[in-house]
Amino acid sequence: MADVIYDVIIIGCGVSGFAAAIYSARFKLNTLIVGKVSGGTINNAKEVENYPGFKSISGIDLGDRIRDHATSYDITLKETEVISVEKNKGGFTVRTKKEDFSGRCLIFATGTAHRKLKIPGEERFHGNGVHACALCDGITYKGRTVAIIGGSDSAAREALILSEHARKVYIIYRGNDIRAEPINKKRVEDNQKIEIIRNTNITEIMGKGRVVESVMLDKEYKGSKVIALDGVFVNIGHVPLTSLTHSLGVKLNEKKEIMTDTEGKTNVAGVFAAGDCTGFFWKQAITGVAQGCTAAYSAYNFLKR
Amino acid sequence: MAWQILVLVIIGSIELTGATRVITMEKKIIIYSADNCPWCRKLKDFLLDNSVEFIEKNVNLDHEAANEMITKSGQQGIPVIDIDGKVIVGFNRDAIEQELGL
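Going down the list, the sequences are from chains A and B. Per our numbering, the very first residue in the first sequence carries number 178; after that it's consecutive. Per our numbering, the very first residue in the second sequence carries number 12; after that it's consecutive.
You can take every hint at face value.
Below 25 Å or equal to it, Euclidean Cα-Cα: the simulated SDA-like pairs (lysine to any residue) are:
(1) A:Lys275 to B:Glu110
(2) A:Lys432 to A:Gln461
(3) A:Lys275 to B:Asp105
(4) A:Lys319 to B:Ile81
(5) A:Lys460 to A:Ser233
(6) A:Lys275 to B:Asp56
(7) B:Lys83 to A:Glu300
(8) A:Lys275 to B:Asp60
(9) A:Lys362 to A:Ser329
(10) B:Lys97 to B:Thr82
(11) A:Lys275 to A:Glu263
(12) B:Lys55 to B:Glu79
(13) A:Lys319 to B:Ile41
(14) B:Lys39 to B:Asn71
(15) A:Lys428 to A:Tyr474
(16) B:Lys39 to B:Ala106
(17) A:Lys319 to B:Asp46
(18) A:Lys345 to B:Asp46
(19) A:Lys460 to A:Glu440
(20) A:Lys213 to B:Glu64
(21) A:Lys274 to B:Ser62
(22) A:Lys481 to A:Asp184
(23) A:Lys275 to B:Val100
(24) A:Lys295 to B:Ser84
(25) B:Lys97 to B:Asp73
(26) A:Lys295 to A:Ser391
(27) A:Lys223 to B:Leu58
(28) A:Lys223 to B:His74
(29) A:Lys274 to B:Lys97
(30) A:Lys275 to B:Lys55
(31) B:Lys83 to A:Val388
(32) A:Lys319 to B:Glu79
Worth flagging that the hints you see were computed from the coordinates, not collected in a lab. As the structure is a prediction and not an experimental result, all values here were calculated from the model.
Please put together the full structure from these sequences, using the hints given.
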């Protein structure tokens, strides 16, 4: 059993979690932040151009700076995966593979994971022609043909990264027009390597052995349903990582995101949430950070009652 | 490169209740990475923070290394770490710590 009882345990060490940790530390709460790897999904962003104070900064640099800011205070950071959470007499127990921690209240800042296509070939070629991070794996497609699946701003940015390496980049999107920020949409439209296939889904990823060779579309494009390519990058949104909350009875919305009020409180006393794992409608680093600081303030108010 | 050079000494230290325990072991560690790969940087930072020595192969610059990585791991994603033949894809901190006994 844990010796120390933390005032606050923050689960998830992305930017929302670290923002919560900064405020929690400044409220002089005994703070633990625990999560798989610092930075979280911001690490996958090549450049962040909309975080105030930084005209342009890589995602990993921004994440590291926020982490270093947080750890300059008297907090405890444990980079390990949380496997379960449960209520105990005075608060909550947070279990990892290595050790257990006890806390008086919790802030969930567990973020999201990439949503999968769930089509034939996706699992077979995972990591070997099917990827989720252009910045991580795009480099291996130098001079080759790839496709981004999705039409969000994130998908547009991923397509731009891939165009630095690949010979040809398709954006295959089920909608009529990609939903990128206008500044990124213009960059995509001006990029000669990128071609957008609209109103189209992919239904199968095909290949031989361990090599992707083509994808099947649900309608013809330029006279064929088959597009020859070497790699597929899936960017069709995210799923919230909220399964740890089940044991506590935390209310989730229809997307399985944590429901909070404007103060970051959940329906369970002493349990708060922040960032992409919540139902907040716009998922940005800046909004996640704001939610983190809000949740920490609510935790502080909860503890001082 | 002489094979012996690949046998690296890993010295990690863990502070336990004020005392310092030094873990010493011999393992051959190779990582496959590329420039501007964020999770490669996370992996390298982790190894350096734990005073773990490693050989780095850049799969973007070294085609042979890229093929070697694909053969070992059965996939193209980076980073990949090979700890004495145990191949771990991505930066899986818990799995790497377990393999290194950290």
